[in-house]
Amino acid sequence: MASWLATVGLGLHWLLLGWIVVGGKDARAEVVITGIVVDGRELPLPAQDGGRDPVPIRIPSTARQIVFRFEGAAERKHEQNAPRPAGEPQLPAGTRLRFRLDGRDASWRDIPASGRAVLHFVDADGILIGGLDAAMTGETPGWRGTAEASDFVPRELVAVAPDNATGMFVSFLSHDGAQVVGCIGIDDVALRCERDGEVPRSLQLVPPPADTEPTPRTLSTVWHRAGTRPEMSVIRIRERPTPHEILAFIDDDPSRYGNWVSTSRLFSDTRPGDRVTLAWSASHSLGIGGPSTATYHGLPPGSHWFRVGAFRPNGDATGIEASIPVLVVVPLHMRRDVWAVGVAGLTGAAVLVGRSLSAQRLKRRLDELERAHAVERERSRIARDLHDEIGAGLTEIAMQADAVRSEVQGVASPEATQLTAGICRTAIDLVRSVDAIVWAVNPANDTLDRFAAYLVQSTEQFLDAAGVSMRFDVPASLPSAPLAGADRHRLLMAVREALNNAVKHAHAGIVTLSLHLADGRLQIDIQDDGVGFDPTRSLTGTDHNGLDNMRQRMNEIGGTFSITSTAGRGTLVRLTQPFVCTAPPRSESHA
Amino acid sequence: MRKINVAVVEDDARLRKTVERVIVNADGCRLAGMFANAADAIREIPKLAPDVILMDVNLPDRSGVECVATLAPLLPATQILMLTVYQDPETTFQAITAGAHGYLVKPVMPKRLVEAIHEVREGGVPMSRAIARKVIEAFRVMHEGRAHNQPPAASPAASASDGATEASEPLMKVSEAVLAPREKQVLELLVEGYSYKETAARLGISIGTVGTYVNRIYEKLHVSCRREMVAWSKGSG
Numbered sequence: 001m002a003s004w005l006a007t008v009g010l011g012l013h014w015l016l017l018g019w020i021v022v023g024g025k026d027a028r029a030e031v032v033i034t035g036i037v038v039d040g041r042e043l044p045l046p047a048q049d050g051g052r053d054p055v056p057i058r059i060p061s062t063a064r065q066i067v068f069r070f071e072g073a074a075e076r077k078h079e080q081n082a083p084r085p086a087g088e089p090q091l092p093a094g095t096r097l098r099f100r101l102d103g104r105d106a107s108w109r110d111i112p113a114s115g116r117a118v119l120h121f122v123d124a125d126g127i128l129i130g131g132l133d134a135a136m137t138g139e140t141p142g143w144r145g146t147a148e149a150s151d152f153v154p155r156e157l158v159a160v161a162p163d164n165a166t167g168m169f170v171s172f173l174s175h176d177g178a179q180v181v182g183c184i185g186i187d188d189v190a191l192r193c194e195r196d197g198e199v200p201r202s203l204q205l206v207p208p209p210a211d212t213e214p215t216p217r218t219l220s221t222v223w224h225r226a227g228t229r230p231e232m233s234v235i236r237i238r239e240r241p242t243p244h245e246i247l248a249f250i251d252d253d254p255s256r257y258g259n260w261v262s263t264s265r266l267f268s269d270t271r272p273g274d275r276v277t278l279a280w281s282a283s284h285s286l287g288i289g290g291p292s293t294a295t296y297h298g299l300p301p302g303s304h305w306f307r308v309g310a311f312r313p314n315g316d317a318t319g320i321e322a323s324i325p326v327l328v329v330v331p332l333h334m335r336r337d338v339w340a341v342g343v344a345g346l347t348g349a350a351v352l353v354g355r356s357l358s359a360q361r362l363k364r365r366l367d368e369l370e371r372a373h374a375v376e377r378e379r380s381r382i383a384r385d386l387h388d389e390i391g392a393g394l395t396e397i398a399m400q401a402d403a404v405r406s407e408v409q410g411v412a413s414p415e416a417t418q419l420t421a422g423i424c425r426t427a428i429d430l431v432r433s434v435d436a437i438v439w440a441v442n443p444a445n446d447t448l449d450r451f452a453a454y455l456v457q458s459t460e461q462f463l464d465a466a467g468v469s470m471r472f473d474v475p476a477s478l479p480s481a482p483l484a485g486a487d488r489h490r491l492l493m494a495v496r497e498a499l500n501n502a503v504k505h506a507h508a509g510i511v512t513l514s515l516h517l518a519d520g521r522l523q524i525d526i527q528d529d530g531v532g533f534d535p536t537r538s539l540t541g542t543d544h545n546g547l548d549n550m551r552q553r554m555n556e557i558g559g560t561f562s563i564t565s566t567a568g569r570g571t572l573v574r575l576t577q578p579f580v581c582t583a584p585p586r587s588e589s590h591a
Numbered sequence: 592m593r594k595i596n597v598a599v600v601e602d603d604a605r606l607r608k609t610v611e612r613v614i615v616n617a618d619g620c621r622l623a624g625m626f627a628n629a630a631d632a633i634r635e636i637p638k639l640a641p642d643v644i645l646m647d648v649n650l651p652d653r654s655g656v657e658c659v660a661t662l663a664p665l666l667p668a669t670q671i672l673m674l675t676v677y678q679d680p681e682t683t684f685q686a687i688t689a690g691a692h693g694y695l696v697k698p699v700m701p702k703r704l705v706e707a708i709h710e711v712r713e714g715g716v717p718m719s720r721a722i723a724r725k726v727i728e729a730f731r732v733m734h735e736g737r738a739h740n741q742p743p744a745a746s747p748a749a750s751a752s753d754g755a756t757e758a759s760e761p762l763m764k765v766s767e768a769v770l771a772p773r774e775k776q777v778l779e780l781l782v783e784g785y786s787y788k789e790t791a792a793r794l795g796i797s798i799g800t801v802g803t804y805v806n807r808i809y810e811k812l813h814v815s816c817r818r819e820m821v822a823w824s825k826g827s828g
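In order, the protein sequence lines correspond to chains A and B. Residues in the first sequence are numbered consecutively from 1, following this note's numbering. Residues in the second sequence are numbered consecutively from 592, following this note's numbering.
Bear in mind the hints are in silico, worked out from the structure with no lab data behind them.
Here are the computed lysine-lysine pairs in the DSSO-like style, where the Cα-Cα straight-line distance is at most 30 Å:
no., chain 1, residue 1, chain 2, residue 2
1, B, K788, B, K702
2, B, K788, A, K504
3, B, K702, A, K504
4, B, K775, B, K788
5, B, K608, B, K638
6, B, K638, B, K594
Assemble the whole structure, with the sequences as input and the hints as a guide.
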């Protein structure tokens with residue numbers, strides 16, 4: 001009887017609590033979009049005050065990753081609310097945040113959130129010695145606004161009792177660590193314990209077995225509430241097949257959770273090796289209440305609205321939302337219309353000299369461009385995958401080789417130790433090389449400032465490993481003007497070649513790297529204080545190859561290469577490339 | 592000495608295994624827990640309250656940077672070391688502003704990993720030149736951003752030693768975000784390519800003192816970035 005009252009009481013609390021907060025009179029927005037990060041760069045936000053014509057955020061269609069940050073402002077709102085009726089628990093009601101990008105998402109989306117079902121094993125002293133858990137994630141099919149009215153999905157968890165196990169507990173939680181809000185219903189909970197050569201035993205936990213006792217047991221004698229806010233653990237009545245109590249959670253507090261735990265140790269004669277099956281069925285609708293992010297990878301050109309809505313924990317809309325317009329634009333050099341104008345101009349000229357370019361050929365050219373863009377994206381995806389796979393494997397090889405080296409040092413022959421060290425070094429070099437390739441094909445790095453940052457980092461890494469001192473003369477603040485991937489990679493390789501010469505051949509003590517922009521040129525100098533050489537005397541084969549490589553790389557990107565050296569007085573390698581700063585410092589210039 | 596409790600967040604199973612072996616065999620370290628994704632880490636690590644967290648930058652469910660941003664405020668006494676494969680200074684810098692205390696570029700040799708765990712426990716791992724370059728730029732931008740409504744930075748004349756501790760009351764707020772002259776000197780030398788050792792020799796201080804200055808720079812960066820974010824989210828609300 002008591003539990004029925006509790007159920008009604010909690011039900012009332014839920015109704016009264018209702019949606020005071022979001023339904024309040026304050027007109028301030030309940031949800032706020034707090035940031036947009038495109039390929040790692042924070043963009044300024046337009047006003048979200050509901051003004052009629054906010055300026056859309058412009059995002060280039062080449063952007064790989066677009067992250068929107070947002071949060072609910074329920075807490076702030078809560079403080080401004082009228083006092084609650086006496087006796088009502090002071091729950092800071094949580095707003096469940098959903099988002100959508102119109103033009104991309106067909107419906108509102110939740111940030112993935114989960115509750116958990118846990119099977120804990122305990123030893124003779126009641127100490128937890130292990131367990132297994134399963135996540136209940138997102139929304140179950142057939143959700144109808146309340147857990148008890150929705151379709152239930154059967155679930156199962158199978159565990160083997162560990163050493164020293166003498167019993168177990170079952171527990172359900174309304175979160176999995178993140179800022180979850182939502183509703184969960186749990187029914188048909190049963191445990192089954194199997195042991196070789198014995199008849200399996202079963203225990204029904206929800207609904208409580210009514211026929212075994214003279215007075216029917218209720219759920220609250222089998223289960224107790226726990227968690228950081230136990231009031232969120234509630235009992236509900238499910239009508240089908242016949243009205244009966246079920247366990248439920250109404251989690252409206254993102255920072256806390258409710259918990260239902262079985263009251264007594266179950267199967268107290270458990271032995272290690274027993275196979276235990278926890279079966280239950282659940283209905284749930286779960287989302288996130290706290291600050292969150294939504295990430296999109298690649299957006300089609302066009303106009304979109306990114307929207308964040310405030311929802312009740314059960315998924316009902318409140319009608320309160322924040323939104324910002326987003327305009328995905330094709331960068332000038334990739335735009336069909338710009339090319340079309342350009343090509344059309346050429347066509348006109350061609351006609352004048354008596355040769356015509358057919359519409360068909362024009363179309364083919366445009367299709368080629370489109371394909372080239374798709375190929376570029378695909379290439380960077382493959383490079384990333386390779387990097388992740390090969391990078392992890394090579395890292396493993398390097399670390400294991402190093403472990404072997406320290407094991408065998410002083411035990412095995414010096415040659416064996418050296419060989420092992422060699423494997424390690426080679427693996428590390430390969431990781432760095434793959435890294436440089438992936439970095440170069442990533443269009444997010446197509447700017448001068450990113451190039452300079454990477455150049456400093458990789459130079460530092462290389463010279464540190466070689467035990468050579470370094471000086472940098474690279475401006476801390478550089479414009480984010482475009483510098484294409486092919487150029488970046490060749491410049492990087494040329495610098496690396498020069499560094500390699502300074503360390504291996506010149507035996508330099510200090511290497512100075514400087515980078516400057518002047519007179520429409522990008523100039524990179526690599527100066528060392530090594531042995532130098534006499535340029536009038538011929539170089540050996542390998543040195544020649546290195547210099548030829550550098551010269552060729554710079555020629556390929558329309559740049560120059562020069563080397564100045566005097567025997568005993570160090571070497572200066574100078575790389576230049578025509579570079580026009582088409583963007584003002586620190587601005588987005590995608591038209 | 593008490594052992595350093597280390598939690599590991601790394602999605603690659605092979606690497607997790609290797610790191611486990613390194614930590615279990617290392618003197619003075621104890622493995623507090625290993626996690627393969629951000630959700631598990633965010634759920635479990637606050638309960639373990641480890642001394643040091645080794646955090647992979649790329650996790651399957653969300654980025655290591657977000658994971659740091661969530662965990663760092665919950666665990667003020669815990670030091671977070673990022674493990675990154677990409678040498679991208681951009682990501683590393685984001686992790687630092689989110690609350691990480693250091694970073695290692697994989698592959699990291701076992702000896703170096705254990706060294707770094709001890710270093711970060713004692714205050715911080717060395718700041719690379721590439722990151723120093725980003726830090727100095729970040730301070731410049733933040734300083735310019737609020738130059739119009741804040742008193743000027745502490746004058747070099749007040750540079751007796753450490754700035755942060757002896758700043759007078761009205762300057763307290765500024766000193767949180769503005770580097771003391773010595774800190775600025777250290778940062779500038781790093782940007783110019785000087786090693787810790789060379790910096791120490793140039794300024795006539797010990798290498799340990801260079802490390803202390805760098806730790807203060809990290810702290811000021813954390814404070815400034817947090818405040819920057821708060822101010823910004825309120826302003827846009």
